[in-house]
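Undergrad: So the protein sequences, as listed, match chains H and S. Position 280 (the first sequence) corresponds to 280 in this note's numbering; numbering is contiguous. Position 285 (the second sequence) corresponds to 285 in this note's numbering; numbering is contiguous.
Everything labelled a hint here was simulated from the structure, so no lab data went into it. The structure displayed is predicted, hence computed values, not measured ones. Where hints are given, some of them may not hold.
Unchecked claim - Selected chain S positions facing chain H (Cβ under 8 angstroms, derived; list incomplete):
(1) GLU194
(2) GLY218
(3) GLY219
(4) SER222
(5) GLY233
(6) ILE334
(7) VAL352
(8) LEU359
(9) LEU362
Cβ coordinates follow ideal geometry from the N, Cα and C atoms, glycine included.
There are 2 protein chains.
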Amino acid sequence: MRTDLCDRLGIEHPIVGFTPSEHVAAAISRAGGLGVLGAVRFNDPADLAAALDWMDKNTDGRPYGVDVVMPMKAPTEGSFGDLRSLVPPGHRDFVEKTLQSLGVPPLPAADDDGVLGWLHSVARAHVEVALEHRPALIANALGSPPADVIAQAHERGILVAALAGRVDHARRQVADGVDIVVAQGSEAGGHTGEIGSMVLLPEIVDAVGASVPVLGAGGIGSGRQLLAALSLGASGVWMGSTWLLTEEYALGLPNQTAVRRALLAASSSDTVRARIYSGKMARLVKSKWTEAWAAPDAPEPLPMPLQNLLVGEAHRRIAAADDPEVVAMPAGQIVGRINEIRPVADVIADLVAEADEALTRLNTLRPS
Amino acid sequence: MRTDLCDRLGIEHPIVGFTPSEHVAAAISRAGGLGVLGAVRFNDPADLAAALDWMDKNTDGRPYGVDVVMPMKAPTEGSFGDLRSLVPPGHRDFVEKTLQSLGVPPLPAADDDGVLGWLHSVARAHVEVALEHRPALIANALGSPPADVIAQAHERGILVAALAGRVDHARRQVADGVDIVVAQGSEAGGHTGEIGSMVLLPEIVDAVGASVPVLGAGGIGSGRQLLAALSLGASGVWMGSTWLLTEEYALGLPNQTAVRRALLAASSSDTVRARIYSGKMARLVKSKWTEAWAAPDAPEPLPMPLQNLLVGEAHRRIAAADDPEVVAMPAGQIVGRINEIRPVADVIADLVAEADEALTRLNTLRPS
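Required output: the full structure, derived from the provided sequences and hints.
TA: Quick look at the structure:
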């Protein structure tokens with residue numbers, strides 16, 4: 001089923017897929033959705049440029065998007081060393097002690113870089129790289145991007161999307177010039193608020209008015225959920241967790257064996273919201289790592305971007321240790337329904353077919 | 001729109017409304033839904049009997065339901081005095097100190113009764129009273145009722161429903177003989193789990209199979225949400241918070257001025273999940289009372305039924321004080337969308353009309 005947003009973005013299905021993998025993003029676009037590449041993992045903007053160059057060549061000319069993590073106002077930002085000095089030693093001790101008790105060995109070679117995409121300067125560089133390519137959409141995970149970024153995108157005919165977990169945030173984004181609001185319910189993986197999709201989505205649709213398309217995010221993984229989002233007034237859906245268990249996801253990303261086993265095993269009850277990943281509230285798959293941070297002796301997480309500097313190396317150590325019981329991985333509650341690894345094209349075909357089937361079923365209901 | 005469940009329950013619209021008010025319950029049934037009277041507030045089963053007698057005469061012969069709060073296994077239960085002795089003095093001191101600091105005066109006369117409906121013996125008496133009337137449905141807020149209760153209901157042709165917040169609970173309920181599962185997402189008011197409706201509802205629908213009707217609960221307050229629940233595979237919806245702001249709600253219940261003002265003012269962000277109401281996790285409207293329990297100096301809530309014994313008198317003092325900033329009231333996130341007090345019949349008519357309209361809109365989407 002096509003919505004007006006499909007025409008506006010030049011896509012076949014009202015399905016937008018967020019993923020850190022350019023292989024997954026390209027496959028989503030090739031299958032008729034809009035693949036949106038998450039830029040935050042690219043510490044060196046040249047690596048993002050290379051990934052987008054590759055996408056330009058591997059999307060059959062179809063549109064794609066780029067997602068950055070950019071606060072509207074630049075936070076105080078020092079050099080990497082300055083920032084590291086703000087991390088309290090007690091927090092470092094807790095992380096080291098926890099990793100040791102969980103059997104996570106140190107990395108073979110010293111490796112100091114956290115994920116720098118949380119830094120405003122790096123996110124700005126990501127935007128510049130994106131503008132040199134041909135994205136149909138620039139999305140910002142932290143709400144409205146700065147005004148000059150919105151202006152530059154619009155000059156190039158690129159739509160701007162922002163994620164909102166509350167209706168007041170959505171209203172402000174539209175006032176700032178954002179074109180598409182992603183209404184992200186609490187069910188979602190990664191940064192997420194407290195309001196469930198069932199309540200949030202129609203609330204934001206009504207608040208921003210008919211001229212602003214809204215994507216439903218949080219808890220979407222099947223065609224019935226796609227149809228439910230459209231029932232609630234969305235122009236499409238924004239999905240994230242689903243793509244973590246696609247065949248294309250493994251390509252070009254570091255070892256994901258433990259993460260995939262953890263995600264395949266997780267039920268819808270096996271996620272938790274916490275500030276431990278980035279400093280902002282985010283939903284992660286439950287593991288011994290998230291449990292350690294929930295224990296009474298654990299320190300309060302630090303604000304963004306300090307928390308990621310604190311845990312960045314821990315995340316890489318955890319990834320290298322490859323233990324499914326000790327993972328640090330954002331995922332939504334829909335992870336309970338993803339129980340096999342499939343090609344992206346099959347996922348999209350099933351979404352579309354199930355939504356059509358569900359609509360046919362609704363049309364068989366008799367009037368009351 | 002009619003589902004098979006409408007035929008099974010003998011109702012026009014797939015809308016089940018839970019409410020502590022017999023006036024609201026009767027109005028829901030008269031308007032073509034199924035009004036379900038919450039029994040927990042009736043400390044004296046004779047009062048429940050009187051309310052059901054009244055409903056028998058004021059529902060135009062249409063079906064209604066009764067909701068009890070009954071654990072499957074009887075908990076250890078002593079006399080009222082024995083139970084009270086299990087409440088730690090430090091908890092009592094915290095409650096008294098908090099009420100004083102919030103300006104909530106003592107009750108004029110000593111009044112010792114908590115809400116006894118949480119006690120298994122009282123819930124059993126509620127069931128007996130219900131069985132002497134003509135409910136179409138007995139629902140249990142705490143999962144499967146005891147086997148003999150299910151058997152007695154079935155002997156009389158009464159359907160049994162249970163609330164489930166997780167898929168494993170739903171599976172167990174069906175194995176126990178429950179006829180209808182209420183899949184209650186985290187958005188819901190009162191006792192509620194962690195999984196959002198968007199994820200929980202199709203998960204439970206698939207787990208219990210096509211022969212067991214599932215009602216979507218949590219976040220339902222409009223026709224679009226009703227249609228979304230049906231899209232997700234539900235046979236209908238179970239709504240609670242919406243009825244708190246109907247004209248009929250004030251009839252026959254104690255003073256609700258402060259509660260209504262608090263609910264009318266609340267946004268979807270103004271609820272909180274906590275164990276402070278009954279000892280089990282429940283969503284309440286945020287107030288200075290819920291904030292006091294979230295403060296670092298607050299004690300951990302006690303298990304059910306002790307927490308209600310601890311706060312029962314506080315709830316009555318708070319109600320008598322009638323301050324909209326200090327309320328102790330279960331409500332779901334949908335409370336943000338309920339901004340006026342309306343007759344029940346208008347609410348139901350709008351639900352049905354908006355659902356029809358949303359389905360018409362879905363049918364205008366072009367194929368992709």
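Undergrad: Confirm or reject each hint.
TA: Hints, verified against the model:
Proximity of S:GLU194 to chain H holds as hinted, the smallest CB-CB distance being about 7 angstroms (cut-off 8 angstroms). Look at S:GLY218: its Cβ gets to within about 7 angstroms of chain H, closer than 8 angstroms, so that hint holds up. Restraint check, S:GLY219 versus chain H: the minimum CB separation of about 3 angstroms is within 8 angstroms; hint holds. About 6 angstroms separates the beta-carbon of S:SER222 from the nearest beta-carbon of chain H, less than 8 angstroms, and the hint is met.
Because the beta carbon of S:GLY233 sits about 6 angstroms from the nearest beta carbon in chain H, less than 8 angstroms, this interface hint is met. The interface hint given for S:ILE334 holds, since its Cβ lies 6 angstroms from the closest Cβ of chain H, which is under the 8 angstroms cut-off. Checking S:VAL352 against chain H: minimum C-beta separation of about 7 angstroms stays under 8 angstroms; hint holds. Taking 8 angstroms as the C-beta cut-off, the interface hint given for S:LEU359 holds, the closest approach to chain H being about 6 angstroms.
Taken as an interface hint, S:LEU362 checks out: its beta carbon lies about 6 angstroms from the nearest beta carbon of chain H, inside 8 angstroms.
Hint violations for this structure: none, all hints satisfied.
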